[in-house]
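Protein chains in written order, with my numbering: chain A, 8 to 194; chain B, 8 to 194.
None of these hints come from the bench; they were simulated from the model. Ideal placement from N, C-alpha and C gives every residue a C-beta, glycine not left out. Please note that the accuracy of each hint is not assured.
[To be verified] Derived CB-CB ranges, DEER-like:
id	chain 1	residue 1	chain 2	residue 2	range
1	B	MET66	A	ALA128	35 to 43 Å
2	B	GLY130	A	GLY130	24 to 32 Å
3	A	VAL65	B	TYR98	37 to 45 Å
4	B	ASP67	A	GLY87	20 to 28 Å
Number of protein chains: 2
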Amino acid sequence: MCRKGYEATSMNDIADAVGLTKAGIYHYIHGKENLLFAIMSYAMDMVDEDVMAPARKVMDAEQRLRTIVERHAKRILEVGGAVTILLEEMYALTPAHRRTITSRKRAYFDLIRRTLQQLAAEGKLRDVNPTVATFCLFGMILWISRWYHRDGKLTPQDVLTDLVQTAVNAVMKTSAAQSRRRTVVAR
Amino acid sequence: MCRKGYEATSMNDIADAVGLTKAGIYHYIHGKENLLFAIMSYAMDMVDEDVMAPARKVMDAEQRLRTIVERHAKRILEVGGAVTILLEEMYALTPAHRRTITSRKRAYFDLIRRTLQQLAAEGKLRDVNPTVATFCLFGMILWISRWYHRDGKLTPQDVLTDLVQTAVNAVMKTSAAQSRRRTVVAR
Numbered sequence: 008m009c010r011k012g013y014e015a016t017s018m019n020d021i022a023d024a025v026g027l028t029k030a031g032i033y034h035y036i037h038g039k040e041n042l043l044f045a046i047m048s049y050a051m052d053m054v055d056e057d058v059m060a061p062a063r064k065v066m067d068a069e070q071r072l073r074t075i076v077e078r079h080a081k082r083i084l085e086v087g088g089a090v091t092i093l094l095e096e097m098y099a100l101t102p103a104h105r106r107t108i109t110s111r112k113r114a115y116f117d118l119i120r121r122t123l124q125q126l127a128a129e130g131k132l133r134d135v136n137p138t139v140a141t142f143c144l145f146g147m148i149l150w151i152s153r154w155y156h157r158d159g160k161l162t163p164q165d166v167l168t169d170l171v172q173t174a175v176n177a178v179m180k181t182s183a184a185q186s187r188r189r190t191v192v193a194r
Numbered sequence: 008m009c010r011k012g013y014e015a016t017s018m019n020d021i022a023d024a025v026g027l028t029k030a031g032i033y034h035y036i037h038g039k040e041n042l043l044f045a046i047m048s049y050a051m052d053m054v055d056e057d058v059m060a061p062a063r064k065v066m067d068a069e070q071r072l073r074t075i076v077e078r079h080a081k082r083i084l085e086v087g088g089a090v091t092i093l094l095e096e097m098y099a100l101t102p103a104h105r106r107t108i109t110s111r112k113r114a115y116f117d118l119i120r121r122t123l124q125q126l127a128a129e130g131k132l133r134d135v136n137p138t139v140a141t142f143c144l145f146g147m148i149l150w151i152s153r154w155y156h157r158d159g160k161l162t163p164q165d166v167l168t169d170l171v172q173t174a175v176n177a178v179m180k181t182s183a184a185q186s187r188r189r190t191v192v193a194r
């Protein structure tokens, strides 16, 4: 499903991939849509545990933003982006499943936007709409799933360092981001 | 095809959409893959004419970067992102068609990366790998196709202004970007 895309994958393909008959596979999963929903729920569980939970513990808005970008990008770079791409297949879900995933995505979006709003209140955000800025951050992070290949020249750490710098400077005033960088260097 | 995705769309759906019988539609298009290739070729023609050709006439690297981001984002915001999303369906193409589209995408990628390399030579690029920076710009621009709805609160011009600012500051040192902004204001 990750390799061929959701629509192009048949229950036969799935049965072949796990070494079961088509009849056997229905003992474990009740159809393709249920499997897609389970994969998406797993992906959102990972975002909850690996990104949102640690970020919520960080009080400083800039540090929270860095935590979110770094943890999410690191996961896609190290684990691979196939599941991230499947998270786009919203139209394939039943209405009830789509509502569940939409509301989980929304909670993540809101966490980032609230962080940017906090930066704006502190005078550290560029003069941009926090909603547009949030989508710019999502574009940079989620797009990694489309282009990064672990067998290429760039290591996950190379990409991560540059991506965090690019993403933070995209939305934060440089004076704010730079003064923090100087503090870190001085330590 | 834009609404349901490539795989979920049948030749019957296409015939219905244009008011022809399934037999009639084959008079005009020789199968679904040919139609997808024609749509992707059209999308790349638009990038050539609307983005790459005007950008190639701009000698100044920063101004060329702004031209590329602004023209591409404007097109997605004003025309809609459905065709941009279809450009992702590379696995559905025949090998020969895939080579053609890949080489056209590559030419566009190279134009942006060369622009960033020129900025780096001028000391205006952040200390980031130009390849990673190019993909960050693509992520911000192409992601618009997934989130922007013209019936929402944000006008295309609202988003465009913020997106250009965010994208340019993501990759350029702020001292360089700011001095240019001051020049513009002073005119």
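Given the range 35 to 43 Å, decide if the beta-carbon distance of MET66 of chain B to ALA128 of chain A lies inside it.
Hint holds: Cβ distance 41 Å, inside 35 to 43 Å.
Cβ distance range 24 to 32 Å for GLY130 of chain B and GLY130 of chain A, holds or violated
At roughly 28 Å between Cβ atoms, GLY130 of chain A and GLY130 of chain B fall inside 24 to 32 Å, so the hint holds.
VAL65 of chain A paired with TYR98 of chain B, Cβ distance criterion 37 to 45 Å
39 Å Cβ-Cβ, so the 37 to 45 Å window holds.
Assessment of proposed distance window 20 to 28 Å (beta carbons of ASP67 of chain B, GLY87 of chain A)
39 Å, violated
Consistency note: the structure conflicts with earlier hint 4 alone.
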